[in-house]
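Visitor: Each chain is listed here by its residues.
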Amino acid sequence: MSDLINKRNHYDETHPATPGEIHDYKEGIQKYTIGLVLAAILTALSFWAADSASVWAPSMPALLAALAIGQMGVHLVFFLHISSGPESTNNILALCFGVFVVALVVFGSIIIMTNLNEHMLPMDQLMNIQIQR
Amino acid sequence: MTVIHHSHANDHSVPYAKRGPAPTNVLVGYGFWLYLLSDIIMFSAMFAAYAVLSSHTAGGPKGIDLFVKGDVLLETVFLLVSSFTCGIMGLASAAKNRNHTYWAALATFVLGAGFLILELQEFSHMVHEGAGPSRSAFLSAFFALVGLHGLHVFVGLVWLVVMMLQVKTIGFSDMVQRRLNCFNLFWHALDIVWIGVFTIVYLGAK
Numbered sequence: 153m154s155d156l157i158n159k160r161n162h163y164d165e166t167h168p169a170t171p172g173e174i175h176d177y178k179e180g181i182q183k184y185t186i187g188l189v190l191a192a193i194l195t196a197l198s199f200w201a202a203d204s205a206s207v208w209a210p211s212m213p214a215l216l217a218a219l220a221i222g223q224m225g226v227h228l229v230f231f232l233h234i235s236s237g238p239e240s241t242n243n244i245l246a247l248c249f250g251v252f253v254v255a256l257v258v259f260g261s262i263i264i265m266t267n268l269n270e271h272m273l274p275m276d277q278l279m280n281i282q283i284q285r
Numbered sequence: 009m010t011v012i013h014h015s016h017a018n019d020h021s022v023p024y025a026k027r028g029p030a031p032t033n034v035l036v037g038y039g040f041w042l043y044l045l046s047d048i049i050m051f052s053a054m055f056a057a058y059a060v061l062s063s064h065t066a067g068g069p070k071g072i073d074l075f076v077k078g079d080v081l082l083e084t085v086f087l088l089v090s091s092f093t094c095g096i097m098g099l100a101s102a103a104k105n106r107n108h109t110y111w112a113a114l115a116t117f118v119l120g121a122g123f124l125i126l127e128l129q130e131f132s133h134m135v136h137e138g139a140g141p142s143r144s145a146f147l148s149a150f151f152a153l154v155g156l157h158g159l160h161v162f163v164g165l166v167w168l169v170v171m172m173l174q175v176k177t178i179g180f181s182d183m184v185q186r187r188l189n190c191f192n193l194f195w196h197a198l199d200i201v202w203i204g205v206f207t208i209v210y211l212g213a214k
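Keeping their order, the protein sequence lines are chains A and B. Heads up: the first sequence at position 72 corresponds to 224 in the working numbering, and the numbers run straight through without jumps. Heads up: the second sequence at position 127 corresponds to 135 in the working numbering, and the numbers run straight through without jumps.
Note that these hints are calculated values from the structure, not bench results. Yeah, the Cβ is synthetic: ideal placement off N, Cα and C, and Gly gets one too. Every clue listed holds true.
List time: in silico PhoX-like cross-link candidates among lysine-lysine, alpha-carbon distance up to 25 Å:
hint, chain 1, residue 1, chain 2, residue 2
1, B, Lys70, B, Lys214
2, B, Lys104, B, Lys176
3, B, Lys77, B, Lys214
4, A, Lys178, B, Lys104
5, A, Lys183, B, Lys104
Beyond 12 Å from chain B on every Cβ pair, some chain A residues (computed):
hint, residue
6, Ala205
7, Gln277
8, Met279
Throw the hints in and build the complete structure from the sequences for me.
Guide: Below, the structure written as structure tokens:
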């Protein structure tokens, strides 16, 4: 436990930067290059999978979503420098809340609108009711 | 004097509660991070609208007939590489290397502008074919979502030019460094939103 604290303190002293800032030029370029390569691989996989006949069609949305979320993770870690270090704690907490709200907005909208669509009368019956009035 | 020295800010023998305010660059980065998250929440509303409306084509053209995947791949590559060069610009400015900062900023600007030109070509082509934003609910949602992202890229390009003028006139002061850091975060966040756009809008087109 004390080892962990020492390690974290050491990390904090050598990286006093906020996310987005790295002072060691060469180390930084290395990190960006790794991120670029990983992101390029994930992008290529996405575009290949979308056109490929060898991917089982019903699994396509899940595969594309997994690749996209993976690439977002790569961008967060290698480009925005979100880490598990203590200097990132507040940023990660805010990020978690942001992801929560985004999920509420997107999935909430989809669930509600799908449900409304299912309960709506087909268009010809709807027109029929209006004519009868 | 823009940076106040806080003697306890990084002293780990002092508990968090007694360390006093964080350094200005940490506070500015955090504040900008909160703005970015709220911006992404705004984008999520556009994504939700697109997801709900994308099947409502009103007898008009469908996404799969309109979108050209090759162009989208090129746009994606432009934005990804510009994210990389933007990061290099951030590193060069942190190292106070003026030449590298200018070259990396120029590369970022050219790639970002290339992305915008491709997107505008796509838009004008679609409008010319009668698939403008007023054609169907699907196309309204499409132009709102992708157009909003393009607008952000445009604002980013203007911001980049302003930042380079500040580097030229003010130099690498603490204030300019913080602003460059914010620009870096902004540009990377736009690339993250673009991942959502190309996956949901273009690759998921039916």
